[in-house]
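Protein chains in written order, with numbering that gives the first Met the number 0: chain A, 0 to 223; chain B, 0 to 296.
Simulated from the structure, these hints should not be mistaken for lab results. Incorrect hints may appear among the rest.
[To be verified] Chain A is faced by these chain B residues, among others (derived, beta-carbon under 8 Å):
#	residue
1	84
2	85
3	134
4	212
[Claimed, not checked] Pair ranges (Cβ atoms, derived):
#	chain 1	residue 1	chain 2	residue 2	range
5	B	183	A	91	45 to 53 Å
6	B	246	A	133	34 to 42 Å
7	B	200	A	70	17 to 25 Å
8	B	263	A	70	46 to 54 Å
9	A	133	B	24	36 to 44 Å
The C-beta atom is built at its ideal place from N, Cα and C for all residues, glycine as well.
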Amino acid sequence: MIELDNVSYGYGDTALFSQLSLTLAPGSFHFLTGPSGAGKTTLLRLCYADLRAMDGQVRLFGQDAAALDRDGVAMVRRRIGVVHQDCQFLDHLSIAENIALPLTVADRMSEAAANLEQLLSWVGLGPQAGQLPPSLSGGERQRAALARAVIMSPEVIIADEPTGNVDWEMSQRLLMLLVELNKMGKTILIATHDLTMIRSLKSDVNARVLRLKDKQLTQAGADL
Amino acid sequence: MKALLDLIVGDPQADRAVPSTGITARLTVFAAGAMAFLAVFALALSLAAGRVADRWAEELSQAATLRLPADPDRAEAVLQAALTVLETTPGVATARALTSEEQQALLAPWFGADLPLETLPIPQLIEVIADDAGYDAAGLRARLMAEIPGAVLDDHTRWREPLLAAASRLRLLGWAVILLIGGVVTAMITLAAHASLAANTRVIGVLRLVGARDVYIARAFVRRFTLRAGFGAIVGVVLGVFAIQLLPNTQLAGGFLADFGFTGASWLWPLAIPPLTAIVAFFATRAAALRRLREQT
Ligand SMILES: Nc1ncnc2c1ncn2[C@@H]1O[C@H](COP(=O)(O)OP(=O)(O)OP(=O)(O)O)[C@@H](O)[C@H]1O
Ligand SMILES: [Mg+2]
């Protein structure tokens, strides 16, 4: 699905990481951990063609990301649902409209109605559906972001700190949604600090834990 | 064409995706309206100048004057000789000696109405009207010179040409003004579109992140500016035509004001202004949006 092959990236002169390789096989479940500022968000942005690798190759669904034109990038993004760390909503649209936005821009609005109801109740945002994003709490916004990421039923779901602002119970619920999606064959990549959350899921899903630290990506072992 | 239709039918959802900026919207409508108003006047000017030029050219090319030498003793004989020459000239439809009342009327502006014409050696004038084919003025002059020395054929070429030149210059000027107005509308809409795109940088970024193609984002802007410009132009044209209809209908300035307006098929010209403005807005916004989107990640 997504392959990074000896990829380098950095802002300005300092390299954030180099010679980094990663393969997300179809149906796999990955956690990405690492200290704040290690480059987790940057790595995820490479995976949905928001950034272009400075060196090495990123392959998305078998296509070289560097060779994609702007429409090609748009098409790839429709196959990848993303929960952004800073949510990225349109503040003049209601939460329901924001969640339906991927369908809207793909001219697939007709599919929205049924999915939307179900999703809103899944993430517990039924009553807030008509509100504008700024009037929601941080946790509510993150739940909405997750709903938007999955509404297109994408093949890959990438989530950047999806549970940063929600309580334990809600975070378990959101993660279980991702686990369910994974069981349906979706490929999942979650960046998080929250090691207890990873541990709590160990019994539910066969997840691999990657650790980004000191410009290196390593696989975390049983010591977790 | 299909793009244009889609545009008018519209996609309310796509429109909602980009928030409307009140001030650019109002300024675009106003500027398009003002430019359409001016374009109506430039059009009326061009059309009127064209009509006046055509009429003058037609009237003047058909009428000429033959002035006979003032010779009280032989007046009747000379007049008869001249009429004979004219009547036998191919291309002359009628030749008619002006009566003394007519001659008096022509002179009145200069010498007053009570001029005793009979006592003065006034040259006799003959009005020569050409038929559609016209006559050979040079040949006619040569014959007259031989038979009636001193006769002068005046076919008004001398003062007709600068008048015609002025009228056609005026018509050209009108079209140049219309082209300039078109250029200003294009520039203005491009600026407004850029302002709107710049104000919506974040919105565009979010739309790109959720998988919107450039054409989808551009469409929201294009539709908005096309409708605004078209609406403004309709208001401007209505007001402009109304103002022209209110002009007093007078024969002033050689009937120029009477010609200043729209009749028959020339009504199509002002009616074309709103759709043309909309088309200009469509392409200007589209170009601006696609260029800007390419620059933004
Ligand atoms: N647009 C940018 N321009 C310049 N530097 C940036 C930019 N984005 C991130 N950085 C820098 O790159 C480094 C990695 O940032 P990144 O957001 O990828 O870290 P992260 O691992 O996601 O951190 P966190 O866990 O706090 O979200 C940071 O030091 C950050 O300051
Ligand atoms: Mg981050």
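Okay, the hints, checked on the actual structure:
1. 84: violated (83 Å)
2. 85: Violated, because the Cβ-Cβ distance from residue 85 of chain B to chain A comes to roughly 80 Å (cut-off 8 Å).
3. 134: violated (72 Å)
4. 212: holds (5 Å)
5. B:183 <-> A:91: 45 to 53 Å: violated (32 Å)
6. B:246 <-> A:133: 34 to 42 Å: For residue 133 of chain A against residue 246 of chain B, whose Cβ atoms are near 56 Å apart, the range 34 to 42 Å is violated.
7. B:200 <-> A:70: 17 to 25 Å: holds (20 Å)
8. B:263 <-> A:70: 46 to 54 Å: Taking Cβ atoms as reference, residue 263 of chain B and residue 70 of chain A lie about 49 Å apart, which means the hint holds.
9. A:133 <-> B:24: 36 to 44 Å: The hinted range 36 to 44 Å is violated for residue 133 of chain A and residue 24 of chain B, with Cβ atoms some 23 Å apart.
Checked against the numbered hints given earlier, this structure breaks hints 1, 2, 3, 5, 6 and 9; the rest are met.
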